[in-house]
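Enquirer: Residue strings, one per chain:
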Amino acid sequence: MAEEVAPHAKDISRALGGKVSEKEIENELNNYLNVYRVSLDTAKRSIVRKHGGNPADLAMGVSKTIKDLIAGEQSVDLLCRVVSVDGRQIDVEGGAKDILYGILGDQTGTVPYTAWVTEGLSLHKGDVIRIRNAYTKEFRGQVQVNFGNRTSIAKESPDALPPYDPGKSAPPTGKPTPLKVIDLREGTSNIALTVRVLDVEKKQVAVNGDAKIVFSGVLADETGKVKFSAWKDFGLSKGDIILIEGGYVKVWRGIPQLSFDERSKVSKLEATALPPTEELEKSPRVWIEDLAERGGAVDVAVRGIIIDIKEGSGLVYRCPECKRVLRKMACRIHGEVQGTADLRVKAVVDDGSGALIAVFGRELTEGLLGKTLEKCIEEAKESMSQEVVRDQLADILVAQPVEVRGNVTIDDYGLMMIVESAKILKVDVEQEARAMLEELEGLEDTA
Amino acid sequence: MNRETAWRVFAGEYNESNLEVSDGGERSPSFLVTPLGARINRLFVVGVLTDIENVGTEQGPMWRARITDPTGTFHVYAGQYQPVAAAVLSKMKPPVFAAVAGKSRVYKPDEGTTYVSIRPEIVKPVEAYLRDYWVLESCQSLKRRLEAAREAYKMNPPTEAELRKLGVSAGLSAGLVKAVGHYGKVDLSRYSSMLAESVRYLLPEFRESAPPETVTIAPPEKVIEKKVVATADDKTEDEVLILIASLDKDSKGASWDAILEGAKKIKVDKEKLEETINSLLDKGLVYEPVLGRMKKI
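Keeping their order, the protein sequence lines are chains A and E. Everything in the first sequence is counted per my numbering, starting at 9 for the first residue and increasing by one. Everything in the second sequence is counted per my numbering, starting at 153 for the first residue and increasing by one.
There could be a bad hint or two in this list.
Said to hold, decoys possible - With a Cα cut of at most 25 angstroms, we get these calculated BS3-like pairs of lysine-lysine: (1) Lys255(E) to Lys318(A); (2) Lys318(A) to Lys243(E); (3) Lys354(A) to Lys331(A); (4) Lys331(A) to Lys383(A).
Honestly, the hints are just simulated from the structure, not real lab data. If you're wondering where the values come from, they're calculated on a predicted model, not measured in any experiment.
Start from the sequences and build out the full structure, keeping to the hints where you can.
Expert: Structure representation (structure tokens):
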């Protein structure tokens, strides 16, 4: 047992209100640990209980590194760095509740976390923090750290945590989980993913004031595409098939994105390990219900029926400063301004499994209307109403089956697709019906 | 907050539903759960608007519309709180293909009696293609529910987790567990024949007579020529169909007495006439706007 016993004895004594001496407890603790060989956590809790105390009063959990975390720890201490932090509101019994979530990292690996109590809690990316009394659970097959009522968090100086040295320590955490792109979710970490590089670009970005080189682009397997950021030069080039081990998923601009760095292992595979680039470049067709579950996706195709055209569709005017759409000719940030005319559609596309808001930009809207922005402005002037364009769009689009393709993001208002391309769907109903009938009759025959 | 999904469900399944559930909480939406586990808060239907009537008052109109699909009839009610839908409905001239997106409504006047209807958000006249497209989508949707229900019926009792493992969606798994708890294991053959019938509805080889469009567009001589190859029953149906159309002078439909009179002239007796009209009703080629009157669709 590398850990000092004394501070834990002190902790137990405090939890018992000082009615048993520290010396006595230390002996007892040593007995539990060295003779009976139970875990420190169990030992502490047992001693407190034995003396009639409440184990919940213990302030100090067991210090661990991320690599050693297992699901179901009752009370664990960590010294780690905040890799990312995000906030979100969730619905619980009795109203809405704010939570914080993200990723923690230390020299041994990374792990997702959720802070269920956020009052007075301030976490910033890059902070080194000492967490006491956190607990762990398994969530979607991964260990997750939770901060609850009993958890305390203190900020430490940045050098309290040794910088990660790839030369000395082993790669992070246990065995990476093999996953497909379609399985990637916010907070997933330490994955093993076989993908083809569809696109890669070297960029310089500023991280906390320092210039850093990042390689970003799009990866794909047969289930879908995902954006990535590689914080080390793995020598990736377009068309490569690679196996990434390690890495974590974080939502960026409403879409899950994969990040990996020097702690991850990247190996190149045979060119035959995945279908060819042309095949993987196609946007996979997905159900809206699955998009809601995945929390957004890169370049997917959805087939559905437009069942409504939202307010703010048609001819709109934007603030010349911030591009926000004006309401009553005023911008909510810049006040009364001379707006710039634009065309757009916000349509509700529903595929029977779910619904999303599809946003069509000017070019697509002009195509749908079969007329230019200038013509629309003219017509609006003639009829003295901006709404005339929206009405025309509703005539064309409502109850229209469409296939739309683009990136899908998710936020508090639900799913939204920025439409890259769209087509009016013409399905050969007879042919599809015939295929279905054959299938049904086939079933009858075997039944 | 995700928007509630607009389910594609046939009238035959929707109208069989009498289980209303809510997730609890004051503001959470309520759902109508069908015997096959569709949890419907919103739905999208396309069918033939066969009649529209003001069941309210002159000042406070409440429009009731009937929309039929291959399996039954949806009842749509729009009043002062659905001004846009009500305005569109009131101007529609049945029969016409109509698309409706709206919320499920449940009315239970007393224990054991349930009426379900639709409160429309959007109403739009559409073309035949969209009706066919919708029937196809609804068939696919019904097929998924049927398959999931078959799996659920093998479990004792069915659980969401087990259904999810089989790839059934989260929403349907939850709905099916509720449905089995309330309706028990319903006779699935009723729904599998509903499915087969609806798929066949889309295929010309299963239509026993020429589509109504051909009959109206073609001049009478041509129609008669065509009938050489048709069977005797088809011939009678076509004749009766033309008869009904010709007797419908005020577009309120042809009266029964007039049809009977006209039938005698083309040598169709009363029994044969009734049989023929029933068949036409079944095929959705005619309907009864008011009792005792027949109208061609």
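Enquirer: Now tell me, hint by hint, if it's right for this structure.
Expert: Comparing the hints with the structure gives:
| no. | hint | in the structure |
| --- | --- | --- |
| 1 | Lys255(E) to Lys318(A) | holds, 17 angstroms |
| 2 | Lys318(A) to Lys243(E) | holds, 23 angstroms |
| 3 | Lys354(A) to Lys331(A) | holds, 16 angstroms |
| 4 | Lys331(A) to Lys383(A) | holds, 22 angstroms |
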